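Enquirer: Got chain A; can you put chain B on it based on the hints?
Protein chains in written order, with our numbering: chain A, 1 to 316; chain B, 317 to 746.
Bear in mind the hints are in silico, worked out from the structure with no lab data behind them.
All of these numbers come straight from a predicted model, not from anything done at the bench.
Incorrect hints may have been included.
[Said to hold, decoys possible] In silico EDC-like pairs for lysine to aspartate or glutamate, Cα to Cα no more than 16 Å straight-line:
hint, chain 1, residue 1, chain 2, residue 2
1, B, Lys631, A, Glu96
2, B, Lys631, A, Asp100
3, B, Lys714, B, Asp627
[Stated by the list, open to error] Covered by chain A, according to a simulated footprint, are these stretches of chain B (three or more residues, beta-carbon under 8 Å):
hint, segment
4, 502-514
5, 631-638
Here a beta-carbon is modelled for each residue, glycine too, at the ideal position from N, C-alpha and C.
In case you want the letters, here they are:
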Amino acid sequence: MKNNLQLTEDGRLKHLLSLDGLPARILTQILDTAASFVAVGEREVKSVPLLRGKAVFNIFFENSTRTRTTFEIAAKRLSADVVNLNINASSQSKGETLLDTVANLSAMHADMFVVRHAAAGAAHLIARHVAPHISVVNAGDGRCAHPTQGLLDMFTIRHFKGGFHNLRVAIVGDVLHSRVARSQIHGLTTLGCPEVRVIAPKTLLPRDVGNLGVHVYHNMEQGLKDVDVVMMLRLQNERMQGARLPSAGEFYKHWGLTTEKLRYAKPDAIVMHPGPMNRGVEIDSEVADGPQAVILAQVTFGIAVRMAVMSILAGN
Amino acid sequence: MKIHIKNGRVIDPASGMDSVQDVFVAAGHIQALGQAPADFHANQVLDATGLIVCPGLVDLSLRLREPGLEYIAGLESEMHAAAVGGVTSLACPPDTDPPLDEPGLVEMLKFRARNMPGPRVYPVGALTRELKGERLTEMAELHEAGCVAFSQADAPLLDTQVLLRALEYATTFDLPVWLRPQDMHLSRNGVAHDGVVAARLGLHPIPVPAETVALSTILLLTRETGARVHLCRLSSRAGVEMVRQAKRDGLRITCDVNIHHVHLSEMDTADFDSNCHLVPPLRSQRDRDAIRQALREGVIDAICSDHAPVDDDAKELPFQEAEPGATGVELLLPLTLKWASETGLPLAQALGYITHRAAAIMGVNAGHLAVGAPADICVFDPEAAWLVSPSNLASLGKNSPYLGLEMIGQVRYTIIDGHLDFKRGARRSG
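Next up, chain A with everything else stripped away, as it sits in the complex (with noise of 0.2 Å):
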């Protein structure tokens, strides 16, 4: 990297693009201020004025309605104006240039943008190119990061495990496609757990993703043993069309987490999913509503966890 886009020059937060390049001390002060936050959600007054005034812009290039549900639902009880912008079937089919779609959206005064887009490098492109005193959140782009959910995952992790120095973390599934998965590992890495493995077919695992600093299995069996931590991944039906997989059946055979499977893993481990959900493909119906299971969990974490980064961006 050429320099980090990523802080200012005195080493604060200035866009979180990925949780690749930040420091572990960034990433610890966004969890210690989600702490603070997750008790607003449970209050009868469910917001605080720390973004009064201040206008978020969720732009959305690729549809979502979960992610920009939780970032709207964060930056309102932060008191902030939340405008929302799907993207993806208006000005770019006019021919209209990523840029020049930001530049307007700049031009009515946003404080923040929150973007998801198809094509990986985007949110650094917009951050690159956008007025100094605005900021950009990635919501997801393309394969290459998503970083408040890799966040939300260590602030669930932290919260049900205490912390990271003594975990074995597996995250089982469709790596290649992933940016969920790449947030994950930059997390962990950074966080310093000591072993993370990725459990996956090989066309489901990028060539050289053992230079991430991941563990690479093909087997459950033993990608499983011993670990405190089970993070699984969505598998898209689109991947049964491009001959990386014959079958969805014969994934789940292999590697959908049944409570068979979950047996590998150490009694106490819990079972994490970034949603939404393939039951039966990716995961069995018996596990994601069992008793080790912490999904709803990640999604309450994952308010309090957005509204950290929207504040602390904001200068708080």
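Expert: The following block gives chain B in isolation, referenced to the frame of chain A:
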């Protein structure tokens, strides 16, 4: 026009000559070296003290973006940029709009180029009509119109039967075929080397076998047909090894690399710099080191700029959506000098890859500096430092991976066909 180039260090890579002496140019040719011929009265005297005088550079791949793509660049701007870069002969690939698949188009291009200052332009004709990979072009006619070779540029040729027949037909007229090895299935949707950076950034990968599988097909069909094949833009260590072996086996092939692949690697794409989005992709440092080694050993015959001006609108996009290619003709010389100085290669040897060796592949009388040779000469300051910036580049393409970085080595004079075509302002930088 008679020109007297005084007191320069004259390097002729073809003969290995490297000594300080004078060069005398008359009637479009080099009339003498060392002593002035009797009754030589120069119209122009160029003081080359402290400068290097070498053959004008020969670039095997320079996109002029004409016809059809003049909104990006054109003959006037890019031929001038080539002269600024010391290039006096260039081959332009057929990937224009329409592609160079008809004699009329080639004649028009040659005509326009001839009536403009700047280097000698040698079009490479399309191997198949519209570069679609289906029907052969009129290669013999295109050759008469001025095409020096035939190629698909970066367009796919999926049908191996068409490739076989194209090679057979070209060989009928002993015409060279230039092919860039890339399997279009293995590289589908890909934008980056299938390595650690693509894994980290989630960029769609192009694995090394995309090059080697295609290379294997080309080599087998070359053996079968006896065709004169030149391989363009090798990028991988495995590809280089296959070429080394094929040459050992006696196949008459040559190959080149893009100068950017001599210096850059996948690590340079790590911050999504779309100016580093090239075809073939920048690969690992091991691949780059293998390219350097193969150049030294002569397994790779030439270096080209693969000059590809791209406008900002097509580059200021997310990496995978940005149009590939880099502007490069003005960096060909300084980057070759940088490679020579980093590897301790003698200048006379290094310059050979961008002069006489490239000319031999193109099959033209260029790239050497000897009495009787065409007066195509580059005079450069090997010490001059300059900054790569949009305003310092003459090309309309400002898409360089080196923006903001310093280059050492700058052209002072470019002489083409005995005329001073380019002269840098008297102010000396650095």
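Enquirer: Are any of the numbered hints broken by this structure? If so, which, sorted upward?
Expert: none
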